[in-house]
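**Q** Residue numbers (our numbering), protein chains in the order written: chain Z, 1 to 338; chain B, 339 to 644.
The hints are simulated quantities; they were obtained by calculation from the structure and are not laboratory data. Each residue gets a CB set at the ideal place from its N, CA and C atoms; glycine is no exception. Hints are not guaranteed to be accurate.
[Said to hold, decoys possible] Straight-line alpha carbon distances no greater than 20 Å define the calculated SDA-like cross-link-like pairs of lysine to any residue that follow:
#1 K227/Z x Q614/B
#2 K579/B x K160/Z
#3 K227/Z x K627/B
#4 K624/B x P84/Z
#5 K242/Z x V622/B
#6 K122/Z x A237/Z
#7 K370/B x I453/B
#8 K160/Z x D497/B
#9 K624/B x A237/Z
#10 K214/Z x K563/B
#11 K227/Z x L625/B
#12 K160/Z x K496/B
#13 K370/B x K298/Z
#14 K214/Z x P422/B
#15 K298/Z x Q619/B
#16 K428/B x E418/B
#17 K370/B x G522/B
#18 K460/B x E172/Z
#19 K227/Z x A568/B
#20 K214/Z x E417/B
#21 K579/B x R88/Z
#22 K496/B x V476/B
#23 K298/Z x E250/Z
#24 K508/B x Q487/B
#25 K579/B x A568/B
#26 K627/B x E79/Z
#27 K227/Z x S573/B
#28 K370/B x L408/B
#29 K563/B x R201/Z
#30 K563/B x N20/Z
[Said to hold, decoys possible] Looking from chain B toward chain Z, a few residues come up when the C-beta cut is under 10 Å (computed):
#31 I396
#32 L403
#33 E499
#34 H572
#35 D618
#36 V622
#37 D637
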Amino acid sequence: MDKFRMIFQFFQSNQESFMNGICGIMALASTQMYSAFDFNCPCLPHYNLAYGLGILLVPPFILFLLGFVLNNNISMLAEEWRRPQGQRGKDPAVLRYMFCSMAQRAMIAPAVWVSVTLLDGKCFTCAFCTSVPVESLGNASHPHLSQGEIQQVLARIPCKEIYNGQQLIANEVAVRYLRCISQALGWCFVLLMTTLAFLVRSLRPCFSQAAFLKSRYWSHYIDIERKLFDETCAEHARSFAKVCIQQFFEGMSTDLVAARCHLPRKAPADAGEAAEKLLGITDQGTMNMALKSWHRCKPALHLHPPALPTGNGWAGEGQPPMYPSAPRRETAAYYSWV
Amino acid sequence: MDRFRMIFQYFQSNSESVMNGICGLLALASVKMYTSFDFSCPCLPQYNMAYGLGVMFIPPIILFLCGLILNRQSLVMLEEWRRPQGHRKKDLAVIRYMCSSILQRAMVAPVVWIIVTLLDGKCLICAFSGSVDPEKFVGFANVSTVQVQQLLAKVPCKDEELMRNSTSRKAVSRYLRCCSQALGWSILLILIIAAFLARWLRPCFNQATLLQARHWSNYIDMEQKIFEEACCEHSRLFAHKCILHFFESVRQEIKLHSFSLPREGEQDEGEEDLLQGITDQDQVNKLLKTWYYEKPPLDVSQAHQR
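Can you build the whole structure from these sequences, using the hints too?
**A** Set out below in structure tokens:
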């Protein structure tokens, strides 16, 4: 647990590390998904190609989209792209930087899937078994079969149990051939991706370093600003709620006092904090009424300013300020649907 | 756990250690990749050599490029190389030092792959089974040329029907594996001797220059990191000021438009301060709408003047 917490903290230390962490997890998830997937070639002439290419290309597309979905900067990018200009200009270089860095990270899991699929060879064997060169690998002098029948026989290559073309072309020879080509393609794909990544990374400092530093600063700024704004709003909401609820309880206790025609009780000087926290509600009936009122008639989202201090109405530290109850009722009735 | 944390902290302690750590991880990844890769020789005359040599040499290139990409110092070196001179002179010795240390670390994983491949032997058997002299082996000696090529190409495939129990196939296989392992061990020995000599003889030449180069390369790396951290810190403070200034400007706008008397008397200072003068639903909605439609300008100098 400690080890996980430490690794987690390392990745959370800054935004980019966190994104790299998600990227790595998705790449691992991609290999795990592939090994858990039960590949079942249909072994029929026209279906093989569709199935094989489908397995090769559709999951990477899904993983690519998932990479964008899991990246919480996508909403930041969309917001920055669509916001009205207002008093702050928009910099397309920043938007491009944000999009490029997200796209690069989202490309890793699909690239891993395609590489693993090609290096394993099953997909490719399934998709292209009908294109095996029978003349060079197999028995050209086999009794003449029609083209369709040859296709049917070749389509069964991936399914060893039902393969019946051993005289036409040996199953192992065909599988080895297809797998060799698949692995060669896989390694070439990985080499190509790595070379592209290397070029992108190494050519940048040679050409546009200053622009890059600017874009990176402002993209981090936008991210931090959004987070700080959310935090400030959360703090504001907390204070708002606290004052609103406090005013609700005070209003409750004022209403009850007005209804019972009691004079406000002056809290004894040495009552301490507990009396203050009771907010004037000190018996079961009153509390039940307060709870019912909270459910039936929540207070308006409108905080009242504290009343001006009167001569002797401000006695004692624990005495909550009194409000006139009539306007409160009107406001409550008006906003009761809120 | 404690030991793990200590190891982790040791590697994070300076960037050279981090790079050594990455280098080690790549070497382990290289071994793991080899063991999980399902090597399957095509056993066809023209394809064997291409496949065998391809598997022996293409992954090392990939691992080398990965070693360069994952090494942060390569970016630092490129930036230092391409930057305009400005007020700070460029020292080529530092750049050369950085380059050589990056290349040395990037070469470890490819070398590990090549050595593991040679010591295992499958690649070389696949690539060179067709190049063996058939006269030396009993089963292939009296066969026609075309057929002998086909047969030799099938040597790496143990399950092949023709070859399953052939002693000549096993003989060829053993012979090639022996050559492969000898080559592997020789390369390993040469590399280790070269590394040993380089490390041992280096203090005899240019030690002072080396110390300087190493110091300044560490300095450049550290400076880059600290600059990035300073920028992060600055943008955080900038954002904080900008948001406070925004809340203040919205509050002032509300005051201008509403006709309520200014509040007097004691206020519950703690909470009211946090509320920043925004005390009802409409005002909050207005604030959020203004935040979206009219983000404040990136200029907090007015906040200072307030």
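**Q** Taking the numbered hints from earlier one at a time, note which ones the structure violates and give those numbers from smallest to largest.
**A** Numbers 2, 6 and 13, in rising order.
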